[in-house]
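Trainee: Single-letter residue listing:
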Amino acid sequence: MRKLPFDTVLIANRGEIAIRIIKTLRELELRSAIVYHDLDAGTPAVSMADVAIPISGRTPVAAYLDSAQIIAAAHEVNAGAIHPGYGFLSENAEFARKVLEAGIVFIGPTPENIELMGDKIRARKFVQRNGFPVAPSAIEEDDPATFISRARSIGAPLLVKPSAGGGGKGMRIVRDLDALEHAIVQARSEAQRYFGDARLYVERYVEKPRHIEVQVLGDSFGNVIHLFERECSVQRRFQKVIEEAPSPALSPQLRKKICETAVDIARAANYRNAGTVEFIFDGSGFYFLEMNTRLQVEHPVTEMITGIDLVAEQVYVTGSHELRLSQSDIVLAGHAIEARVYAEAPARGFAPTTGKVLVLDYPGSPGVRIDSGILQGQQITTAFDSMLAKVIVHSPTRTEAALKAERAMQELVLLGCETNTSFLARVLADEQFLSGQVHTGYLDENPHLAAGEFASDLTAFLAAAALLTRPVRDSADAVPELHASLGSWRN
Amino acid sequence: MQRITSLVDVKSQEFRLNELHNRRLAAELKERQRAVRFNRPERDHERLRRQNKLFVRERVEALLDPETPFLELSTLAANRAYDGEVPSAAQVVGIGIVAGREVIVHADDASVKGGAWYPLSVKKIVRSLEIAIENRLPVVHLCDCGGGFLPLQAEFFADRHHAGRIFHNQSILSKMGVPQVAVVMGHCIAGGAYVPALSEYNIIVQGSGAIFLGGPSVVKVATGQHVSVEELGGADMHTSVSGTADYLANSEMHAIAIARDIVARFNRTEKAPIDRVTPEPPAYHASELYGIIPKDPRAHFEMREIIARLVDGSRFHEYQPRYGRSLVCGFARLHGYQIGVLANNGVLFGDSALKGAHFIQLCDMNRTPLLFLQNITGFMVGRDYEQGGITKNGAKLIMAVSGASVPKFTVVCNHSHGAGAFAMAGRAFDPRFLFTWPQAQISAIGTDQATRVLTDIKAKQLAVDGRHLSEEELEAIRESISEEYWERSSAYYATSEIWDDGILDPADTRNALAMAVSASLNAPIETPRYGVFRM
Amino acid sequence: MNHFLELEGVDYQLWLSRCKQGYRLHLGDEVTAPIDFCHQGDGCGILTVAGAKEPVRFAIDGDTIHLHIRGRTSVLRYRDPLSTLALAEKHAGHLVARAPMPGVVVATSVLPGEVIAAGTALMVVESMKLETVIRSSQNGVVERVHFKEGESFEQDAVLVTLSAEGH
Numbered sequence: 005m006r007k008l009p010f011d012t013v014l015i016a017n018r019g020e021i022a023i024r025i026i027k028t029l030r031e032l033e034l035r036s037a038i039v040y041h042d043l044d045a046g047t048p049a050v051s052m053a054d055v056a057i058p059i060s061g062r063t064p065v066a067a068y069l070d071s072a073q074i075i076a077a078a079h080e081v082n083a084g085a086i087h088p089g090y091g092f093l094s095e096n097a098e099f100a101r102k103v104l105e106a107g108i109v110f111i112g113p114t115p116e117n118i119e120l121m122g123d124k125i126r127a128r129k130f131v132q133r134n135g136f137p138v139a140p141s142a143i144e145e146d147d148p149a150t151f152i153s154r155a156r157s158i159g160a161p162l163l164v165k166p167s168a169g170g171g172g173k174g175m176r177i178v179r180d181l182d183a184l185e186h187a188i189v190q191a192r193s194e195a196q197r198y199f200g201d202a203r204l205y206v207e208r209y210v211e212k213p214r215h216i217e218v219q220v221l222g223d224s225f226g227n228v229i230h231l232f233e234r235e236c237s238v239q240r241r242f243q244k245v246i247e248e249a250p251s252p253a254l255s256p257q258l259r260k261k262i263c264e265t266a267v268d269i270a271r272a273a274n275y276r277n278a279g280t281v282e283f284i285f286d287g288s289g290f291y292f293l294e295m296n297t298r299l300q301v302e303h304p305v306t307e308m309i310t311g312i313d314l315v316a317e318q319v320y321v322t323g324s325h326e327l328r329l330s331q332s333d334i335v336l337a338g339h340a341i342e343a344r345v346y347a348e349a350p351a352r353g354f355a356p357t358t359g360k361v362l363v364l365d366y367p368g369s370p371g372v373r374i375d376s377g378i379l380q381g382q383q384i385t386t387a388f389d390s391m392l393a394k395v396i397v398h399s400p401t402r403t404e405a406a407l408k409a410e411r412a413m414q415e416l417v418l419l420g421c422e423t424n425t426s427f428l429a430r431v432l433a434d435e436q437f438l439s440g441q442v443h444t445g446y447l448d449e450n451p452h453l454a455a456g457e458f459a460s461d462l463t464a465f466l467a468a469a470a471l472l473t474r475p476v477r478d479s480a481d482a483v484p485e486l487h488a489s490l491g492s493w494r495n
Numbered sequence: 092m093q094r095i096t097s098l099v100d101v102k103s104q105e106f107r108l109n110e111l112h113n114r115r116l117a118a119e120l121k122e123r124q125r126a127v128r129f130n131r132p133e134r135d136h137e138r139l140r141r142q143n144k145l146f147v148r149e150r151v152e153a154l155l156d157p158e159t160p161f162l163e164l165s166t167l168a169a170n171r172a173y174d175g176e177v178p179s180a181a182q183v184v185g186i187g188i189v190a191g192r193e194v195i196v197h198a199d200d201a202s203v204k205g206g207a208w209y210p211l212s213v214k215k216i217v218r219s220l221e222i223a224i225e226n227r228l229p230v231v232h233l234c235d236c237g238g239g240f241l242p243l244q245a246e247f248f249a250d251r252h253h254a255g256r257i258f259h260n261q262s263i264l265s266k267m268g269v270p271q272v273a274v275v276m277g278h279c280i281a282g283g284a285y286v287p288a289l290s291e292y293n294i295i296v297q298g299s300g301a302i303f304l305g306g307p308s309v310v311k312v313a314t315g316q317h318v319s320v321e322e323l324g325g326a327d328m329h330t331s332v333s334g335t336a337d338y339l340a341n342s343e344m345h346a347i348a349i350a351r352d353i354v355a356r357f358n359r360t361e362k363a364p365i366d367r368v369t370p371e372p373p374a375y376h377a378s379e380l381y382g383i384i385p386k387d388p389r390a391h392f393e394m395r396e397i398i399a400r401l402v403d404g405s406r407f408h409e410y411q412p413r414y415g416r417s418l419v420c421g422f423a424r425l426h427g428y429q430i431g432v433l434a435n436n437g438v439l440f441g442d443s444a445l446k447g448a449h450f451i452q453l454c455d456m457n458r459t460p461l462l463f464l465q466n467i468t469g470f471m472v473g474r475d476y477e478q479g480g481i482t483k484n485g486a487k488l489i490m491a492v493s494g495a496s497v498p499k500f501t502v503v504c505n506h507s508h509g510a511g512a513f514a515m516a517g518r519a520f521d522p523r524f525l526f527t528w529p530q531a532q533i534s535a536i537g538t539d540q541a542t543r544v545l546t547d548i549k550a551k552q553l554a555v556d557g558r559h560l561s562e563e564e565l566e567a568i569r570e571s572i573s574e575e576y577w578e579r580s581s582a583y584y585a586t587s588e589i590w591d592d593g594i595l596d597p598a599d600t601r602n603a604l605a606m607a608v609s610a611s612l613n614a615p616i617e618t619p620r621y622g623v624f625r626m
Numbered sequence: 701m702n703h704f705l706e707l708e709g710v711d712y713q714l715w716l717s718r719c720k721q722g723y724r725l726h727l728g729d730e731v732t733a734p735i736d737f738c739h740q741g742d743g744c745g746i747l748t749v750a751g752a753k754e755p756v757r758f759a760i761d762g763d764t765i766h767l768h769i770r771g772r773t774s775v776l777r778y779r780d781p782l783s784t785l786a787l788a789e790k791h792a793g794h795l796v797a798r799a800p801m802p803g804v805v806v807a808t809s810v811l812p813g814e815v816i817a818a819g820t821a822l823m824v825v826e827s828m829k830l831e832t833v834i835r836s837s838q839n840g841v842v843e844r845v846h847f848k849e850g851e852s853f854e855q856d857a858v859l860v861t862l863s864a865e866g867h
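Residue numbers (our numbering), protein chains in the order written: chain Z, 5 to 495; chain F, 92 to 626; chain S, 701 to 867.
Some clues are possibly wrong.
[Claimed, not checked] Computed from the model, here is a short list of chain S residues facing chain Z with C-beta under 8 Å: (1) Leu727; (2) Val845; (3) Phe847.
[Said to hold, decoys possible] Dumping the calculated DSS-like pairs for lysine-lysine here, alpha-carbon to alpha-carbon at most 27 Å: (4) Lys848/S - Lys360/Z; (5) Lys848/S - Lys362/F; (6) Lys212/Z - Lys260/Z; (7) Lys204/F - Lys121/F; (8) Lys848/S - Lys173/Z; (9) Lys311/F - Lys204/F.
[Stated by the list, open to error] Chain S residues, not near chain F, derived (Cβ > 10 Å throughout): (10) Arg777; (11) Leu782; (12) Ala786; (13) Val833.
In short, the hints are calculated from the structure, not lab data. Even glycine gets a Cβ: it sits at the ideal position worked out from N, Cα and C.
Chain Z with its partners taken away, still in its complex shape (with noise of 0.2 Å):
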């Protein structure tokens, strides 16, 4: 690798992710440095980075977005550049304005980038100018006071979504018109929260949608490379579930044809460092969401499959240099398949769960790779993200890799906090998913699958909790022998 301009790194985030950009940054041999609220001080992201700065908030969350004390920090510690992760200030056009008038390098897109991309709205408009395929939409900020009636006239189901963000916050789907003033008050409000940006659009809801999203690479120098697709259809609330690369319901020519469109609008956007370009596709035919503008969670699948280290190419190209990967060194082997580990309780609508991890066991078979963020003792909180640790697999084919996926889900211990490892597992061996015919209302549509069934499990656990109870034990072992052989006897 030839010399970077920087030799010290400060990561901007926490968790899962934090360790994986340390990671790269190790086999780079550059200096990582963190930023940590007090809450997180001891997880393993913290105790891995060479250096760690406190930094503090009104709320957890707060402390991570607020640009003015990472930046010192980065100053502090000689950073030379701010790698932001995904979420908190990754997609934020002034965060990295700011980092690179501080003189620092911003591992990610431009500010213009962002601003042109990382803006759903204005993204949308750059990308249908441009001669690709977008939804119908209304987009509030074109005129306000017609808002609703333009949002009205495209028609139900409508998708009621932030200008600003991704993640599904503040998304809301909208089946009866009537509906529509309310879900457009609250996802305001859930925008403004999240994103300090109350603005709306409503674009036309897809039935039965698959979502499919393409990796880019570019650099400095206008060069744009894809890495191939993800499939991300399995979600819930709006919350991707399980992700795989590549996609079971592309034919090779509409892979072609998706990711070459995919670099197409990078280029067009002048578009640098890693993004990826999302698609709707409704088993024919495909048309531009949006764009993240920052390395996605789902990240490893694509490394699984092309054997890139997306985070090492990231640094590269942003130390001003060319991308030293051409298409054709991009090659597709094999299939990958992430599943999300979230604190959470499927049975209960999902609810977020709260608890100390008690005990960890991660699987180790070979083809698997975790990427976690959480370490035995650590207590988990809704402070943050619900996502506690992603597995992925590899594997020479779907089939296997879901089979895989499936065992390191029931291999994976993980006690103190309840997670969605059951859940996963039984999506991961469903048939539905088994036979690829997924779309992102597959887990509404299946909510058996989130409901889980105990039936012959009940008896083993309910029996291994009871003798695991002191109270429940105790009372069978205090009563006499003579009284225990007798039962429940009546004369």
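Chain Z is already provided as a structure; the job is to place chains F and S on it using the hints.
Mentor: Just chains F and S now, with coordinates in the frame of chain Z:
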């Protein structure tokens, strides 16, 4: 130990007829028990629901450890009294397991006459506390008593074993270090107020529980003061002001949970060390007892056949098999416990009495509890027997039975008459438990004999008045005397009067006795010591 | 009185009794026997259910039992009868608004002393990226607001206590 080889032909006509008869008796018993336990007018159930109270049976079941046995005692008490309107004498009493401990459960049944105490209720409670004292069993009282039934006060108030004895026995239990827990689930008025007050621990249910010597109406009459139940004896007041009650419970179930938690704190008594091995079921099935007990109570039956269906492996070490043959004596195991068995195989003779007296002393020395299986019409009478010293030999047996310090258990299998009934550990001889089989007859002399004697007396009285009776008139008198005598000798009458601790289905006898033996061993067995045997 | 174990919001009444090869599990009318648990140290053990043996991972945290059996993880809670029965009554008589799930307070909408009607919004909470309005189920007077804006709470936490309407 040798196994008893049964000589019973289970395919014989006689066996089948007996079986049919005894199964019917057992079914009748179960039905009567079921009725007294559960048959209540709907309005009484409704009243309980309105008062937010559970039915006494639900309370008892909630108190007990699930999957453990409950030996209910005197279920049919008062079944022949008060026109049958006070089922079980309005009390549930039994031995059960609470938090792994053997305890006496005593519960007032508020679904009967508002839980008022009748004379036989008092007798049943006194007996339950006597059992607690004799066997050192902790007691859980589930109190819901509206006070004594005043019209019958002469039968339950003043005498030595009347209501005062309840509180005396409670105090004695306490003095012995045997704890009691009372759960106040309704009003505990007058004497009833002392049941929780004399218990080591008590719990009172908010809303429905109250304790006072005199209720609001009595207070008004006595002092003119107007007070509410809550002020006078409510749960809040007693747990925070008077200190009469210890724990406040939100509901009956909460109260029961507290009671269970208290019992779980009790020390476990070291049981009297008697020989015990791993239990073994009898080699012959208990249900065969139905075919062995004769349909005709006058018919003789072989007691070894009964023993074979009660004891472990049907194994029996018979003592003096060739002497005093009308009293079968020997060692056996019951659920692993070694016991000594004395069973009547005919009328008692001098030699059988001597053998019994000797065997009792053997068992007493050996710390072996005694089981008496009664089928006794009495000691043999006649010149030769008197000259042979039947009376003084009978006295030896009575002396031995009275003096033995090991626990005694009696089952009245069939006849229980005369001094023989005393000598075979009758009620007066304080067996720890006495049970009766459905067809048993308990009386001074047998019905036939008694009828003859009584008819004779009647005829003589009438003759004095110058009346001469025709054969038909005589027969009518004989029949009426016989009927009344028969009725008053029946097991149902005996159990109604609490002369026993309950009627047992013969097939339940083994389990009931095992629980009784186990309970008895909570009390230490004293050193053997006897009075003077007339030699 | 049976023991209670809660699993996924359902209370199971059960009891163990001893038998020759270990224990019997009584669950309603259903009996499973023999069952047994053999500790192998460090949160591992072998569970026997009706004669079949299988490995178990477990962690016990107070009354909560975390189990991993047959590739599934479940959390069971022992419901102590004393506190459960005591609480059952207590809560029946009080007016409280509870948290349907863990989350963070976005805004509080009422102040102590305020007279409110059934349906009044008490608090806006955020959980799972969604805002939920916590409303009063009855008329009453706000007695206490237990959490401030920005504070996080666990599932079932009492958010607001109300007292019966004053005169």
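Trainee: Is the interface hint satisfied for Phe847/S? The criterion is a beta-carbon contact with chain Z at less than 8 Å.
Mentor: violated, 13 Å
Trainee: Sort out whether Lys260/Z lies within 27 Å of Lys212/Z, counting only the CA atoms.
Mentor: This hinted pair holds, its Cα atoms lying about 23 Å apart.
Trainee: Does Leu727/S pass the interface hint, meaning its C-beta sits closer than 8 Å to a C-beta of chain Z?
Mentor: For Leu727/S, the interface hint holds, since the closest Cβ of chain Z sits about 6 Å away, which is under 8 Å.
Trainee: With the threshold set at 27 Å, check whether the alpha-carbon distance from Lys848/S to Lys362/F stays at or below it.
Mentor: violated, 60 Å
Trainee: Classify the hint on Val845/S as holds or violated, based on whether any CB of chain Z lies nearer than 8 Å to its CB.
Mentor: violated, 18 Å
Trainee: Measure nothing beyond the straight line between the CA atoms of Lys848/S and Lys360/Z; if it is 27 Å or shorter, mark the hint as holding.
Mentor: Holds: Lys848/S and Lys360/Z sit about 24 Å apart, inside 27 Å.
Trainee: With a cut-off of 27 Å on the C-alpha distance, tell me whether Lys204/F and Lys121/F pass.
Mentor: Measuring from Cα to Cα gives roughly 24 Å; hence the hint holds.
Trainee: Just double-check Arg777/S for me: nearest Cβ-Cβ distance to chain F has to come out over 10 Å.
Mentor: Its Cβ never comes within 10 Å of chain F, the nearest being 17 Å, so this holds.
Trainee: Mind checking the alpha carbons of Lys311/F and Lys204/F for me, to see if they're no more than 27 Å apart?
Mentor: holds, 24 Å
Trainee: Is Ala786/S truly not at the interface, in the sense that its beta carbon sits beyond 10 Å from all beta carbons of chain F?
Mentor: The claim is violated: Ala786/S sits with its nearest Cβ about 6 Å from chain F, within 10 Å.
Trainee: Would you assess whether Val833/S, listed as outside the interface, keeps its beta-carbon beyond 10 Å of every beta-carbon in chain F?
Mentor: holds, 32 Å
Trainee: A cut-off of 10 Å on Cβ-Cβ distance, and Leu782/S was said to be off the interface with chain F. Does that hold?
Mentor: Violated, since 5 Å does not exceed 10 Å.
The structure does not agree with the numbered hints 2, 3, 5, 11 and 12 stated previously, though it agrees with the rest.
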